[in-house]
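Asks: Build out the structure end to end from the sequences listed, making use of the hints.
As they're listed, the protein sequences go chains A and U.
Numbered according to the numbering used here, the first sequence spans residues 42 to 358.
Numbered according to the numbering used here, the second sequence spans residues 4 to 533.
Quick caveat, the hints were computed from the structure, so don't treat them as lab data.
Built from N, CA and C at the ideal position, the CB exists for glycine as well.
Please note that the accuracy of each hint is not assured.
Claimed, not checked - Dumping the calculated DSS-like pairs for lysine-lysine here, alpha-carbon to alpha-carbon at most 30 Å:
{"id": "1", "chain 1": "U", "residue 1": "Lys383", "chain 2": "A", "residue 2": "Lys318"}
{"id": "2", "chain 1": "U", "residue 1": "Lys486", "chain 2": "A", "residue 2": "Lys122"}
{"id": "3", "chain 1": "U", "residue 1": "Lys486", "chain 2": "A", "residue 2": "Lys175"}
{"id": "4", "chain 1": "A", "residue 1": "Lys122", "chain 2": "A", "residue 2": "Lys354"}
{"id": "5", "chain 1": "A", "residue 1": "Lys103", "chain 2": "A", "residue 2": "Lys324"}
To be verified - Derived DEER-like restraints, expressed as beta-carbon distance ranges:
{"id": "6", "chain 1": "A", "residue 1": "Ala294", "chain 2": "U", "residue 2": "Leu215", "range": "23 to 31 Å"}
{"id": "7", "chain 1": "A", "residue 1": "Gly253", "chain 2": "U", "residue 2": "Leu8", "range": "19 to 27 Å"}
{"id": "8", "chain 1": "A", "residue 1": "Asp315", "chain 2": "U", "residue 2": "Pro502", "range": "46 to 54 Å"}
{"id": "9", "chain 1": "U", "residue 1": "Leu16", "chain 2": "A", "residue 2": "Ala355", "range": "47 to 55 Å"}
{"id": "10", "chain 1": "U", "residue 1": "Val519", "chain 2": "A", "residue 2": "Gln192", "range": "26 to 34 Å"}
{"id": "11", "chain 1": "A", "residue 1": "Gly176", "chain 2": "U", "residue 2": "Ala471", "range": "56 to 64 Å"}
{"id": "12", "chain 1": "U", "residue 1": "Gln163", "chain 2": "A", "residue 2": "Gly189", "range": "21 to 29 Å"}
{"id": "13", "chain 1": "A", "residue 1": "Asp315", "chain 2": "U", "residue 2": "Leu245", "range": "54 to 62 Å"}
{"id": "14", "chain 1": "U", "residue 1": "Leu16", "chain 2": "A", "residue 2": "Gly295", "range": "45 to 53 Å"}
{"id": "15", "chain 1": "A", "residue 1": "Gly176", "chain 2": "U", "residue 2": "Ala209", "range": "30 to 38 Å"}
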Amino acid sequence: MKVFRRILVAAVALTASTGATLAADWTPPGPIKLMIAFRAGGGADTQARLIAEALEAKLGWKFIPEQVTGKGGLNMAAALKDAANDGTAIGMTVTETFGYNMAAAPKAGMKPADFTGLTTTAGFQMGVVAPSSKGWTSFGDMVAAGKGGEQIRFGVMSPKLADLAYLLGKAQGVSLNIVSVRGGKAVMDGVNAGDLDVGFMAGIQAKGVAAGDLVNLASGLSEPLNQTPDAPTLADLGVAFNADGQFVFVGPAGMPEDARTALIDAIAGVVTDDTTKAGGYIKKAFGSAVVISGSDLDAMLQTSYDAAGALLKAASE
Amino acid sequence: MMGTLDYIWLGVLAVFQGPELFSIFGLPISITLLMILCGFLLGIVVGATPGLAGPVAMAISLPILISVFGYTPDALLPVMGFLIGIMKGATIGGAVPAILFNTPGTPDAYMTTLDGYPMAQKGHAKKALRVAHFASVSGDTFSDVVLVICAPFLALLVEQYLDLPEKTALLILSLSFIAAAVGGSAAKGLISTGLGLLVAFIGTGADFYPRLSMGTEALSQGITLGPAILGVLIIGAVFHELAGQWRHRDVASRPVPQIEIGSDRLSLGDIRKLMPYIGRSAIVGTMVGALPGIGSTLAATIGYTMGQRRHEKRAKLDEPAFGEGAMEGIAATEAANSSVSGANLIPVLSLGIPGNTAAVFLILAADSIGGFNPGPSVFKFTTDAVNPELVIAFGLFTAMFVANFLNWTIGGLFMRSMGVMARVPKQLLLPVVLLLTLTAIYVQETRLEVIWFTLAFGLLGYGMRLLAISPLPFVIAFILGGKLEATARQAFDATGSDPFFLLNNPIAAAFMVLSVAIIFLASRKKPESK
Numbered sequence: 042m043k044v045f046r047r048i049l050v051a052a053v054a055l056t057a058s059t060g061a062t063l064a065a066d067w068t069p070p071g072p073i074k075l076m077i078a079f080r081a082g083g084g085a086d087t088q089a090r091l092i093a094e095a096l097e098a099k100l101g102w103k104f105i106p107e108q109v110t111g112k113g114g115l116n117m118a119a120a121l122k123d124a125a126n127d128g129t130a131i132g133m134t135v136t137e138t139f140g141y142n143m144a145a146a147p148k149a150g151m152k153p154a155d156f157t158g159l160t161t162t163a164g165f166q167m168g169v170v171a172p173s174s175k176g177w178t179s180f181g182d183m184v185a186a187g188k189g190g191e192q193i194r195f196g197v198m199s200p201k202l203a204d205l206a207y208l209l210g211k212a213q214g215v216s217l218n219i220v221s222v223r224g225g226k227a228v229m230d231g232v233n234a235g236d237l238d239v240g241f242m243a244g245i246q247a248k249g250v251a252a253g254d255l256v257n258l259a260s261g262l263s264e265p266l267n268q269t270p271d272a273p274t275l276a277d278l279g280v281a282f283n284a285d286g287q288f289v290f291v292g293p294a295g296m297p298e299d300a301r302t303a304l305i306d307a308i309a310g311v312v313t314d315d316t317t318k319a320g321g322y323i324k325k326a327f328g329s330a331v332v333i334s335g336s337d338l339d340a341m342l343q344t345s346y347d348a349a350g351a352l353l354k355a356a357s358e
Numbered sequence: 004m005m006g007t008l009d010y011i012w013l014g015v016l017a018v019f020q021g022p023e024l025f026s027i028f029g030l031p032i033s034i035t036l037l038m039i040l041c042g043f044l045l046g047i048v049v050g051a052t053p054g055l056a057g058p059v060a061m062a063i064s065l066p067i068l069i070s071v072f073g074y075t076p077d078a079l080l081p082v083m084g085f086l087i088g089i090m091k092g093a094t095i096g097g098a099v100p101a102i103l104f105n106t107p108g109t110p111d112a113y114m115t116t117l118d119g120y121p122m123a124q125k126g127h128a129k130k131a132l133r134v135a136h137f138a139s140v141s142g143d144t145f146s147d148v149v150l151v152i153c154a155p156f157l158a159l160l161v162e163q164y165l166d167l168p169e170k171t172a173l174l175i176l177s178l179s180f181i182a183a184a185v186g187g188s189a190a191k192g193l194i195s196t197g198l199g200l201l202v203a204f205i206g207t208g209a210d211f212y213p214r215l216s217m218g219t220e221a222l223s224q225g226i227t228l229g230p231a232i233l234g235v236l237i238i239g240a241v242f243h244e245l246a247g248q249w250r251h252r253d254v255a256s257r258p259v260p261q262i263e264i265g266s267d268r269l270s271l272g273d274i275r276k277l278m279p280y281i282g283r284s285a286i287v288g289t290m291v292g293a294l295p296g297i298g299s300t301l302a303a304t305i306g307y308t309m310g311q312r313r314h315e316k317r318a319k320l321d322e323p324a325f326g327e328g329a330m331e332g333i334a335a336t337e338a339a340n341s342s343v344s345g346a347n348l349i350p351v352l353s354l355g356i357p358g359n360t361a362a363v364f365l366i367l368a369a370d371s372i373g374g375f376n377p378g379p380s381v382f383k384f385t386t387d388a389v390n391p392e393l394v395i396a397f398g399l400f401t402a403m404f405v406a407n408f409l410n411w412t413i414g415g416l417f418m419r420s421m422g423v424m425a426r427v428p429k430q431l432l433l434p435v436v437l438l439l440t441l442t443a444i445y446v447q448e449t450r451l452e453v454i455w456f457t458l459a460f461g462l463l464g465y466g467m468r469l470l471a472i473s474p475l476p477f478v479i480a481f482i483l484g485g486k487l488e489a490t491a492r493q494a495f496d497a498t499g500s501d502p503f504f505l506l507n508n509p510i511a512a513a514f515m516v517l518s519v520a521i522i523f524l525a526s527r528k529k530p531e532s533k
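Replies: Here you go:
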């Protein structure tokens, strides 16, 4: 997977350099409104603002970051859908918005095809994280505590993760009190304040784990976590689904190709460059940049939308 | 490693070494300092203008400031510094027309007219203004000191002892307290609170489908803070004032102040005489300010009454009694209403619960800009990495003391030159405020719907004023609505879906009993005793 990522990064860097002449012709016709689907101060928000800052410095474009939070990115998507598609309105959310969330909310009347995929920036390092003060060093310790009668509060920041947590508890034969909060930072705050015992965190835990205040008990992904490779994956723990996903930039459907290419090149150029603040942040929190862009991204979003039904069905059983 | 002192120092530096505007003799002047100064001067001007008050200026300048400074955390201190400046300036400015023309510039200054205007009539206008200024600044400074000491302490206490169910109950308790305390009647307070919650619940919630939106795109994004708060508070007030102007269009013009007689200086003896009154009022004002929802008007009333009692016992025969131009009366009132403002931020910063309109706008600023979420998590003294919110909090404290310094040094002088503002005719002022508010809202959210929302909330605010329902509980319930729902849902989940989570735990149950008791006691009050 790491090799795959490197190839992707290299491929994008190449396309970026070939497309440079085309992209250089495009400049935004006005300030770019950057709608951020997550609360200020969290991992997605920090990333989006750092990227905007780097682009302002590098290309002289002007960004207006704006929080359009709620409904797992659907509010942002709804606002973005009808915005101008000339590149002056883009959104930052997670791939889950276009997969599980759109599939779970048919009434919202949105599908991935209503948007122009720009690029992903980083994959989640989604861990099941507990504070080290709990004394749990492995996922087994938590299960044992639960079976011993302790009520375990499991923080999640999206309905999809709530489903995964439910299936995780079911597979391990332990009942979890699943608490939905707004954003990964809220999970971390809750865990640190003692309101929650454990929770999903998508990379924001890196610093705390490195400092020894937090422990990655399990990986929420299909593969082990970079930071704690020994922690079991959800598949190891008997759950057939995972929380694989990325942070993603999108625009409204029908964005002209030159604007799209220019935006992709600009964003990918910043996130893959460790020397920028944005690239440095991504490397620290999420291991490495993951750049899936253009039509590959469109296809990936459509696939995850189509596949969301299986998880919805499993969790409702 | 970060210690408490390091945080305080970082906060001070954030204000003094923030983004540099220009330098004088190689000494960089930070933009935050300049914004505090501008806010402060503007605050005195609006405070001195009858019909305007701090909240109006804060409401109009906030969206404009945000569009100037942007949404980066760097914008927090300059913008909030400006608002703090307005808050402090308006407090002392309000005394000017009260003393000179018997028309209080702000509602808090009503009690100031009782002794201030008689003093002015006797030819001691300047001295009365000096007393008001001295008392106001003393009370304010005292209150800020209490804030700085108490807010972190209270926040830590809350975080340590209150779990999710207790936090839910605490929010309910604050709402019920505000409903009961603001305005005359608990029933009206509850109506106002209920409407605020209803509006907060439009388009929000945990479900993917936007509730209460009646299928419309405009409502499905929910009602944003700006249109709702500015509509009800400012536009509603403008409508109400305009209607009042129309009804009283024949009333004669204002009286003219008297010429100065005798010394207008405050002697050391005067100060020694005033200090006991100022001290007591400052303590009362600070205690009242720390409770969410009880405004400075009550503090002023209590301060004045206490001062009156003391004065009756101790005053010499040749001194004027309270109500006849006693400078102790001005001091007791001004110290009490000014000391509310600092303490009012204790519940804001430590719990995220606003207690008055000034606090509402500070929360609105924090919420719009992002990067600072008032509440217990602000005061986490993390030692391994810097907690940026805590630095901002100490930056705000620093901004308050900078504003106090300005108040002590140039505030009095500037204030005494503001008598002219009382002559600004309202029929010119109100349309300007209306236009500025609508423009300011549109600047921040460039959708035409927000103008309609704002006007609709303005009508709601007007209706509430007609029915003597205070809009403050509406605004505070609207701000706390989302938080209340989220905390309640989390508490419910965390307790394993226990439907009685508010009652199964002693602290939460006590808060709930108190919430009901407050409403019950407040509604038993006879109407005459208001």
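Asks: Compare the structure with each hint and give your call.
Replies: Here is what the structure says about each hint:
no. : hint                            : in the structure
1   : Lys383/U - Lys318/A             : holds (25 Å)
2   : Lys486/U - Lys122/A             : holds (28 Å)
3   : Lys486/U - Lys175/A             : holds (27 Å)
4   : Lys122/A - Lys354/A             : holds (28 Å)
5   : Lys103/A - Lys324/A             : holds (25 Å)
6   : Ala294/A - Leu215/U: 23 to 31 Å : holds (28 Å)
7   : Gly253/A - Leu8/U: 19 to 27 Å   : holds (25 Å)
8   : Asp315/A - Pro502/U: 46 to 54 Å : holds (51 Å)
9   : Leu16/U - Ala355/A: 47 to 55 Å  : holds (53 Å)
10  : Val519/U - Gln192/A: 26 to 34 Å : holds (28 Å)
11  : Gly176/A - Ala471/U: 56 to 64 Å : holds (58 Å)
12  : Gln163/U - Gly189/A: 21 to 29 Å : holds (26 Å)
13  : Asp315/A - Leu245/U: 54 to 62 Å : holds (60 Å)
14  : Leu16/U - Gly295/A: 45 to 53 Å  : holds (49 Å)
15  : Gly176/A - Ala209/U: 30 to 38 Å : holds (32 Å)
In this structure, every one of the numbered hints holds.
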